[in-house]
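Since chain C is already given, all that's left is putting chain L on it; use the hints.
Which chain is which? The protein sequence lines are C and L, in order. Count the first sequence with the UniProt record's numbering and you get residues 1 to 245, in order. Count the second sequence with the UniProt record's numbering and you get residues 1 to 311, in order.
Where hints are given, some of them may not hold.
Simulated crosslink set (DMTMM-like; lysine to aspartate or glutamate; CA at most 25 Å straight-line) [said to hold, decoys possible]:
{"hint": "1", "chain 1": "C", "residue 1": "58", "chain 2": "L", "residue 2": "264"}
{"hint": "2", "chain 1": "C", "residue 1": "186", "chain 2": "C", "residue 2": "223"}
{"hint": "3", "chain 1": "L", "residue 1": "301", "chain 2": "C", "residue 2": "142"}
{"hint": "4", "chain 1": "L", "residue 1": "3", "chain 2": "C", "residue 2": "120"}
{"hint": "5", "chain 1": "C", "residue 1": "58", "chain 2": "C", "residue 2": "168"}
{"hint": "6", "chain 1": "C", "residue 1": "162", "chain 2": "L", "residue 2": "144"}
{"hint": "7", "chain 1": "C", "residue 1": "58", "chain 2": "L", "residue 2": "185"}
Since the hints were derived computationally from the structure, they do not count as laboratory data.
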Amino acid sequence: MTTGPTVLSLRGATKRFGGLVAVNDMDFDVTEHEVLGLIGPNGSGKSTTLNLISGALKPTEGTISLRGTPISHLSAADIARRGIARTFQLVRLLPSMTVLENVRAGAVFGHRRRWGAEADAHALRMLALVGLDRRANAHVGELTYIDTKRVELARVLASEPKVLLLDEWLAGLNPTELEEGITLIKRLRDEGRTIILVEHVMDAIRSLCDRCVVMSTGLKIAEGTPEQVLSDPEVIRAYLGDDDA
Amino acid sequence: MTKRDWQSLTLSAVLLAVAACLPLTGDAYMLSIGITIAMYAVLATSWALFSGPTHYISLATAAFFGLGTYTTAIGIENGMNYWLTLPIAAILGAVLAALVGFATLRLSGVYFVIFTLGLAELVRQVVTWGQNVSGQKGLYVLTDITEVHIYWQLVALAGIVYLTGWAIGRSRLGFALRIIGDDEEVARHSGINTSRAKILLFMVSGATAAVVGSMLAPRYIYIEPALAFSPMLSFLVVIMALLGGTGRLWGPLVGVIPFTLLFETISASFPNQTTLLLGLSFLVIVYLLPRGFVGLIESGKRRLRDREAFA
Chain C
1 MTTGPTVLSL RGATKRFGGL VAVNDMDFDV TEHEVLGLIG PNGSGKSTTL NLISGALKPT
61 EGTISLRGTP ISHLSAADIA RRGIARTFQL VRLLPSMTVL ENVRAGAVFG HRRRWGAEAD
121 AHALRMLALV GLDRRANAHV GELTYIDTKR VELARVLASE PKVLLLDEWL AGLNPTELEE
181 GITLIKRLRD EGRTIILVEH VMDAIRSLCD RCVVMSTGLK IAEGTPEQVL SDPEVIRAYL
241 GDDDA
Chain L
1 MTKRDWQSLT LSAVLLAVAA CLPLTGDAYM LSIGITIAMY AVLATSWALF SGPTHYISLA
61 TAAFFGLGTY TTAIGIENGM NYWLTLPIAA ILGAVLAALV GFATLRLSGV YFVIFTLGLA
121 ELVRQVVTWG QNVSGQKGLY VLTDITEVHI YWQLVALAGI VYLTGWAIGR SRLGFALRII
181 GDDEEVARHS GINTSRAKIL LFMVSGATAA VVGSMLAPRY IYIEPALAFS PMLSFLVVIM
241 ALLGGTGRLW GPLVGVIPFT LLFETISASF PNQTTLLLGL SFLVIVYLLP RGFVGLIESG
301 KRRLRDREAF A
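Extracted from the complex, chain C is given alone in its bound form (with noise of 0.2 Å):
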C-alpha cells in the first residue's frame, strides 16, 4: 500500500521546552498518495509535532526533509511556500474578510501561487470542492462552525500542498457534520493527496487513514495500518491504562 516514494521524513526530531521533551526521538516517513494518522492520548506531542513539520516550531534536534530536502531550519512562510499547508486545532479564519477573500490567501501566497481572475477562479473551485462556493461573497462572521472548518480547509487546499496537515479538522462536530466531515476528507484521500491527520475520532481514523503512528509521552510507541495499532496492548495501555490491556 505505501509503495509510492517518500514526500516528508523525520528524523529524530526531538522538541524539549526546558525540561520537558514533548517530541522525544521522532522518526517516521509519509509517502505520497498515503493518509498518515498521527494518534494518542491528550498531551502526547501530536500537535507539537505537527507544529515542527509546519515550522510554527523549531525541533530542538533531529532533521525534517520534503523530498529529501531539509526544511527543519526554515521558517513557517518558507515551508509554506515549498508546500506543507496546515489547519489550525482552534480554527483561524481572517475576521475581516468574505469567505472568497479568506480561501484567496491560500491561491495568492500559497505553494503555487496565482493572481487576480485566475486566484478568484482558483478560491472558488475550492469552495465548490468543500461544498461552500454558495457563500462565497458571505462574511466569516456569519457562518457555522463546520462551515468555518469547511472555510480553513478551502484556504489551504487553495495553496495546492504536497502534504496537508489536519490538526482535529473533526473535533467539535455534532454527528451529521462529523459524517459529512469523514466524507470530505475521503474526497480529499480519493483526489491522491497525501495527508497527515492528529485526531481523536476512531471512526474517522478507521476509515481514512492508511497508516498510524501513535504517540505517548512524546515517543512513538507503535505505527502501522489502524487495526494493528488499535490492537496493540501497548497502545490500548496508554489510551486506557494497566488493568485493560
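Just chain L, lined up with the frame of chain C:
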C-alpha cells in the same frame, strides 16, 4: 482596470486639481490653513497606509518629519539645491524606517507603540546634543520658496501618496498586509514573509513623512529640535487618521479637514486652554466614533441597504 477604477481615479484627479486652485483666492489665511491641511493629509494618509491594515500604531512620525526638516536645512546651509534635498530626505527616511522595522516589528501591540515614541524622543535628543556640541541652537532655512510653492508641492505629494496607496491596495503586498492585520499566524503559515511586508510599507510611510518635513522646512525659516521633532505632531497624525478612519484610503483626509479647522478655532479662541480642549475633543471622538467617519458612513450605508431590503 475596471470602469469604477477609472471613475475614482478621475474623481481624485479632479479633486486634487480643485485643491491646487486654492492659492488663486489670494487669501493668505486660507492658504496657511491649506498648507496645514495638506501637510496633515499627507502625513495621516501615509501613516494609515502602514498602520491601517496592520494595526501597528506608530508614534514615530515626528522622527521622520524632523529628519526631513534637518536634511533640507543642513543641505541648504551647505549650498545644496533645495530640490536635491527632497529625494535625499526620502532615502534617509526609508533607511531609518528599515532600521526601526528590523529592530521592532517583532514587537507587537503596546511595545511597538512605546518603542516608536521612544525613538522619536531619542532622535530629538541626539540632534539637540549635536547642536549643543556645535554651539548652535537651531538652523536657518533661507530660500526663495513661498507659501504658495510649499502648498503646491504638498498637493502634488498628496497625489503621489494616493496613487501609491491605491496601487498597494491592489497589489499582493496590500493583500498580504490585510492578512497580517487579521491574523499574523495565518499569514505566516500561508507563505507570507510577514517581516518583509511590514518593513516595506513602514519604509514607504517613513520616506513620505521625511519628504513632508523637507517641504515644510522653508516655511519655518528657523528650525530647532523642539519644533522639528515635536511629539505633538506624532499624536495629532494618529488622532486625525483615527478620526477619519483607516479602513479606506480617503479615510484620514475626512479626519484631517475637520480636525485642523477645529484645532485652528480652539487655538485662536482659547489660546490658554488649547491642550485641555484638544484632549476633551479626543475623548469625544474615541467615545462617539470608534471607527472614525469611515465607520459612520459605512454603517449608515448598511442601515440604508437593510431598510431597502425589508421594504
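Each hint, compared with the structure:
1. 58(C) with 264(L): Roughly 55 Å separates the two Cα atoms, so the pair is violated.
2. 186(C) with 223(C): Roughly 21 Å between the alpha carbons, so the hint for residue 186(C) and residue 223(C) holds.
3. 301(L) with 142(C): 19 Å, holds
4. 3(L) with 120(C): 19 Å, holds
5. 58(C) with 168(C): 21 Å, holds
6. 162(C) with 144(L): Violated - the C-alpha atoms of residue 144(L) and residue 162(C) are around 64 Å apart, more than 25 Å.
7. 58(C) with 185(L): OK: residue 58(C) and residue 185(L) at ~15 Å, within 25 Å.
Going down the numbered hints, you'll see the structure goes against 1 and 6, while the others check out.
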